[in-house]
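*Asks:* Each chain, written out:
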Amino acid sequence: MARQREPELEHLLRRAGFGATEEEIDGYVRLGLLGFTSAAARLFNYQSIPDDVDSFIGMPGSVGVTARSGFFPTSIINDARQRWLFRMVHSKRPLQEKMALFWHNHFATAYQKIAGDAGPTEATRMLAAKPSEDPGGARGQIELFREYALGNFRDLLIAVAQDPAMLYWLDGRSNVRARPQENFARELMELFTMGVGTFAESDVYAGARVFTGWNLARPGAGAAQHFQFNYNAGQHDTAAKEFTFPIYAGGSKTIPARSGSAGMQDGIDLINAVAFHPLTGPRLARKLYAYFVNEVDPPDAGLIGQVSSAYYSSGGQIEPMVRRLLLSSQFRDPANYYKRYSWPVEFVVRSLKEVGWNGFSVNDALTPLVNMGQQLLEPPDVNGWELGPGWFSSGAMLARMNFAAQLATNQKFNLRDAFRGHVDSAETVVGHALDRLTPPAYSSGSYAALVDYASAGGPWTGSDTQIATKASGVVHLIVGSGDYQFV
Amino acid sequence: MAITRREFVKNGVAAFTVGFAAPAFISDLAVAQGQSRRNLVVLYLSGGNDALSTLIPYRDANYIARRPTQAVPAANVLQIGSDSAGNALGLHPRLTGLRTIFNAGRLAIVQRTGYPNSSRSHFQGTDIWATADPASPQGAGWLGRYLDTLPSPVDPLTAWSTVRETPRTLLARTVGVPSIPNAQQYAFASPNTPADAQFARQSATRISSHLPVDRPHLAFVNSTAQAAFATLDRVVQVAGYASTVVYPNNGLGQALRTVAGALASGVGTRVFWVQTGGFDTHAGQNTNAANGTYATLMATIDGALLAFHDDLRNQGLLNDTLVLQFSEFGRRISENGSSGTDHGAAGLMMILGGSVRGGLFGTAADLRVAPDNPTLENSGNDVRHETDFRSVYATVIDRWLGADSSAILGGNFRGGPAFL
Chain A
1 MARQREPELE HLLRRAGFGA TEEEIDGYVR LGLLGFTSAA ARLFNYQSIP
51 DDVDSFIGMP GSVGVTARSG FFPTSIINDA RQRWLFRMVH SKRPLQEKMA
101 LFWHNHFATA YQKIAGDAGP TEATRMLAAK PSEDPGGARG QIELFREYAL
151 GNFRDLLIAV AQDPAMLYWL DGRSNVRARP QENFARELME LFTMGVGTFA
201 ESDVYAGARV FTGWNLARPG AGAAQHFQFN YNAGQHDTAA KEFTFPIYAG
251 GSKTIPARSG SAGMQDGIDL INAVAFHPLT GPRLARKLYA YFVNEVDPPD
301 AGLIGQVSSA YYSSGGQIEP MVRRLLLSSQ FRDPANYYKR YSWPVEFVVR
351 SLKEVGWNGF SVNDALTPLV NMGQQLLEPP DVNGWELGPG WFSSGAMLAR
401 MNFAAQLATN QKFNLRDAFR GHVDSAETVV GHALDRLTPP AYSSGSYAAL
451 VDYASAGGPW TGSDTQIATK ASGVVHLIVG SGDYQFV
Chain B
1 MAITRREFVK NGVAAFTVGF AAPAFISDLA VAQGQSRRNL VVLYLSGGND
51 ALSTLIPYRD ANYIARRPTQ AVPAANVLQI GSDSAGNALG LHPRLTGLRT
101 IFNAGRLAIV QRTGYPNSSR SHFQGTDIWA TADPASPQGA GWLGRYLDTL
151 PSPVDPLTAW STVRETPRTL LARTVGVPSI PNAQQYAFAS PNTPADAQFA
201 RQSATRISSH LPVDRPHLAF VNSTAQAAFA TLDRVVQVAG YASTVVYPNN
251 GLGQALRTVA GALASGVGTR VFWVQTGGFD THAGQNTNAA NGTYATLMAT
301 IDGALLAFHD DLRNQGLLND TLVLQFSEFG RRISENGSSG TDHGAAGLMM
351 ILGGSVRGGL FGTAADLRVA PDNPTLENSG NDVRHETDFR SVYATVIDRW
401 LGADSSAILG GNFRGGPAFL
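In order, the protein sequences belong to chains A and B.
In terms of the working numbering, the first sequence has 70 at position 70, counting the first letter as 1, and numbering is strictly consecutive.
In terms of the working numbering, the second sequence has 354 at position 354, counting the first letter as 1, and numbering is strictly consecutive.
Just so you know, these hints were derived from the structure itself, not from any lab.
Treat the hints with care, as some may be off.
Taking beta-carbon pairs under 10 angstroms as the criterion, some of the chain B residues facing chain A (in silico) [said to hold, decoys possible]: (1) Ala-204; (2) Ser-209; (3) Pro-216; (4) Gly-277.
Computed spacing ranges between beta-carbons, pair by pair [claimed, not checked]: (5) B:Ala-289 with A:Phe-413: 50 to 60 angstroms; (6) B:Pro-73 with A:Pro-298: 52 to 62 angstroms; (7) B:Ser-84 with A:Asp-155: 54 to 64 angstroms; (8) B:Asn-249 with A:Gly-421: 51 to 61 angstroms; (9) B:Gly-284 with A:Ala-223: 24 to 34 angstroms; (10) B:Ala-289 with A:Asn-105: 31 to 41 angstroms; (11) B:Val-213 with A:Asp-155: 44 to 54 angstroms; (12) B:Ser-355 with A:Pro-298: 43 to 53 angstroms.
Some chain B residues well away from chain A (every beta-carbon gap over 12 angstroms; in silico) [to be verified]: (13) Leu-78; (14) Gly-90; (15) Asn-103; (16) Gly-105; (17) Pro-116; (18) Ala-295; (19) Ala-370; (20) Pro-374; (21) Thr-375; (22) Leu-420.
Beta carbons are placed, not taken as given, at the ideal position from N, Cα and C, and that holds for glycine.
All chains should be modelled from the sequences, with the hints used to inform the complete structure.
*Replies:* Here it is as structure tokens:
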């Protein structure tokens with residue numbers, strides 16, 4: 001019998017999460033959450049759902065991870081990558097994980113440079129440590145993003161400015177009063193808040209001086225010892241700093257001279273100013289709109305304006321912005337389904353959820369993801385990844401098609417078993433594959449190509465061998481098709 | 001009653017497909033379009049290369065004064081003569097291969113290239129160099145616009161990027177440039193037997209031929225799949241290339257080896273993109289440390305370019321090949337407090353090849369901080385450009401590619417340095 005489909009719920013879970021298995025959809029039905037509003041409420045209300053996804057690593061029935069002498073996601077970078085992919089596949093808090101991924105791209109911090117300075121173990125810890133498990137209570141940058149996922153953006157900025165990984169990444173450690181280091185101040189304004197061309201070079205120099213003394217220390221001993229933020233008053237530039245835009249409510253553009261010991265407030269004041277700069281809200285709103293609603297068509301200026309207003313009127317909260325987007329009529333309009341190019345990790349995780357994962361290890365997705373252009377925790381530079389069409393060079397598209405082949409190969413016998421009962425004809429197999437996966441509707445020509453493939457090579461017998469071949473082959477074609485690259 | 005997906009598809013949307021003319025004899029087409037067989041390799045140093053550490057004004061007292069730890073001592077530079085204003089210049093000590101090529105007359109170094117109101121932003125700077133449009137650096141790149149002038153149907157392998165993201169420089173409106181970092185991995189995989197894989201590839205090719213006018217985003221993604229299919233079999237030839245020299249075993253070395261393989265196998269590609277990164281040396285640049293960050297950067301480009309040069313020369317391909325090197329900006333004249341340099345303005349470009357008229361072009365900056373010094377900008381912090389980068393592009397477009405630089409660059413930038 002054909003599967004009951006819930007297109008609107010599937011769309012919500014593809015955008016606000018990483019897609020859904022049939023069982024997950026059934027779960028929503030059982031909980032009486034079939035209605036869009038109640039399903040969305042559950043997604044936003046993730047604090048009420050246990051954050052226990054990590055405890056399923058290694059359990060039967062979940063996607064595998066590959067461990068050598070042990071699994072060390074806070075000290076071996078590829079184990080950290082595996083754990084994050086595992087979370088994306090299995091999290092019962094998909095919106096939180098989706099926002100963490102958004103922030104990872106927004107604050108694009110890459111492992112290699114940090115590892116070069118601090119060593120691979122500490123670098124992985126700086127990115128992935130969980131405070132509840134780390135002997136010193138260290139919090140890795142990914143955990144910071146999960147904590148602030150839908151929280152206050154200004155507070156997130158302060159936490160990022162004090163984050164050890166960020167302090168390594170943008171050279172905050174060498175920002176001292178004698179020779180201010182501009183990297184962080186520039187990217188704070190250009191990439192994290194207001195945007196390119198919205199400030200002057202003099203703002204960068206002043207901003208560099210603001211953050212002098214924002215550094216790291218490594219107190220404690222033994223396993224608890226870890227890099228943490230330390231404000232070094234003696235290295236802070238105490239003179240006043242002048243900007244080209246207002247810093248304070250009255251319109252003043254000057255951060256006053258302060259003593260070294262009081263000088264950390266300079267950074268808080270500047271972060272406050274750039275967080276609530278009139279161009280920051282619209283910029284964040286545009287990015288979130290492209291992420292959640294539509295990145296293909298000209299943006300809906302009205303909706304973006306409302307989202308930006310929600311940012312300022314809530315004092316910088318991200319949740320009202322995302323609510324405004326996901327609950328909008330635009331989001332729910334079927335014309336906006338599949339109007340976003342999937343990121344490589346989204347493509348991989350959705351394929352796993354729709355095709356199946358029993359017998360697959362997320363470790364085997366790591367190299368394909370590099371070939372598709374997205375290695376988690378290693379964005380190409382602080383500007384983040386090139387989104388949208390930028391994902392789709394011919395080599396990257398070939399990498400997606402070849403991952404589809406790899407997954408279909410891995411799942412061949414699971415698929416054969418799942419397709420039993422839908423083997424009357426080549427067309428039945430195609431039909432069942434289209435019931436299981438969620439591409440947008442194919443053109444008649446593409447559908448015919450799928451059926452022709454399923455029919456090719458000999459008469460239809462419905463034997464186990466034939467089903468294994470054709471079910472995996474049809475799945476390969478669908479998951480590797482251009483149509484499937486949209487979420 | 002919910003309809004099944006299968007029913008939805010069967011009654012589904014009629015497709016409006018645009019035919020994609022696949023030439024029957026690709027290599028003939030490539031020859032027809034590329035009768036001159038002139039090949040361009042663009043080398044991008046990503047991050048903003050510190051030009052003052054690549055081409056060193058080693059006798060300039062201000063160079064030494066403003067870079068107490070980063071200035072390279074005169075005794076260590078590879079002296080290559082003086083520019084037309086009499087400034088003595090030398091290459092970084094690790095650029096021994098480039099010095100050999102310079103002494104053979106095949107390397108042109110253009111000092112102080114840039115443009116007015118230089119951007120110090122990586123991604124905006126890169127977009128400006130890519131589009132050759134400082135005012136509006138969006139859309140197709142300058143080489144993409146060149147590709148758009150080629151008669152259609154354009155050979156899908158006319159250009160070849162060796163990095164995973166298609167660089168904006170090669171972004172064109174009518175041509176999808178394949179990105180092929182690794183010729184060996186560029187193959188169509190399938191879950192089943194080779195016979196079944198053939199059927200699968202045929203169906204995949206048909207599915208990717210769907211280019212709906214009302215869904216240009218899907219048409220675009222399908223066109224990248226088409227570009228992959230159209231080039232698969234030709235790229236396979238390159239995978240088996242046996243070079244005449246050993247290339248360094250790093251990303252740039254192997255990328256140039258791939259380019260040499262494509263040139264040697266006559267696959268028909270005429271424009272290549274290679275790049276190497278790590279030039280954003282805000283901290284720990286350590287220009288003088290024998291195995292420091294900057295020395296490693298220089299060794300990387302020197303080793304790869306020397307191998308490429310020698311490999312092509314050995315096979316008689318050097319005269320038909322031009323390497324054009326650029327970076328998104330140079331760096332600040334004074335060093336910072338982290339043994340590094342921050343974003344600056346003008347930088348240098350290099351052009352290498354068998355047909356190049358080598359030498360030093362342009363004049364070095366006067367590194368004195370003084371209000372009357374026209375060679376510096378930003379209160380004497382940065383080097384001001386002397387040669388607009390677009391004039392270097394114009395020379396390449398007019399004299400190497402045989403196209404019209406005014407049309408492609410949207411203005412007359414002729415009269416640049418005469419390295420061709």
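*Asks:* Now tell me, hint by hint, if it's right for this structure.
*Replies:* Results of checking the hints against the structure:
no.: 1; hint: Ala-204; result: holds (6 angstroms)
no.: 2; hint: Ser-209; result: holds (8 angstroms)
no.: 3; hint: Pro-216; result: holds (8 angstroms)
no.: 4; hint: Gly-277; result: holds (8 angstroms)
no.: 5; hint: B:Ala-289 with A:Phe-413: 50 to 60 angstroms; result: holds (56 angstroms)
no.: 6; hint: B:Pro-73 with A:Pro-298: 52 to 62 angstroms; result: holds (57 angstroms)
no.: 7; hint: B:Ser-84 with A:Asp-155: 54 to 64 angstroms; result: holds (58 angstroms)
no.: 8; hint: B:Asn-249 with A:Gly-421: 51 to 61 angstroms; result: holds (53 angstroms)
no.: 9; hint: B:Gly-284 with A:Ala-223: 24 to 34 angstroms; result: holds (28 angstroms)
no.: 10; hint: B:Ala-289 with A:Asn-105: 31 to 41 angstroms; result: holds (34 angstroms)
no.: 11; hint: B:Val-213 with A:Asp-155: 44 to 54 angstroms; result: holds (47 angstroms)
no.: 12; hint: B:Ser-355 with A:Pro-298: 43 to 53 angstroms; result: holds (46 angstroms)
no.: 13; hint: Leu-78; result: holds (28 angstroms)
no.: 14; hint: Gly-90; result: holds (27 angstroms)
no.: 15; hint: Asn-103; result: holds (35 angstroms)
no.: 16; hint: Gly-105; result: holds (36 angstroms)
no.: 17; hint: Pro-116; result: holds (15 angstroms)
no.: 18; hint: Ala-295; result: holds (15 angstroms)
no.: 19; hint: Ala-370; result: holds (20 angstroms)
no.: 20; hint: Pro-374; result: holds (19 angstroms)
no.: 21; hint: Thr-375; result: holds (19 angstroms)
no.: 22; hint: Leu-420; result: holds (30 angstroms)
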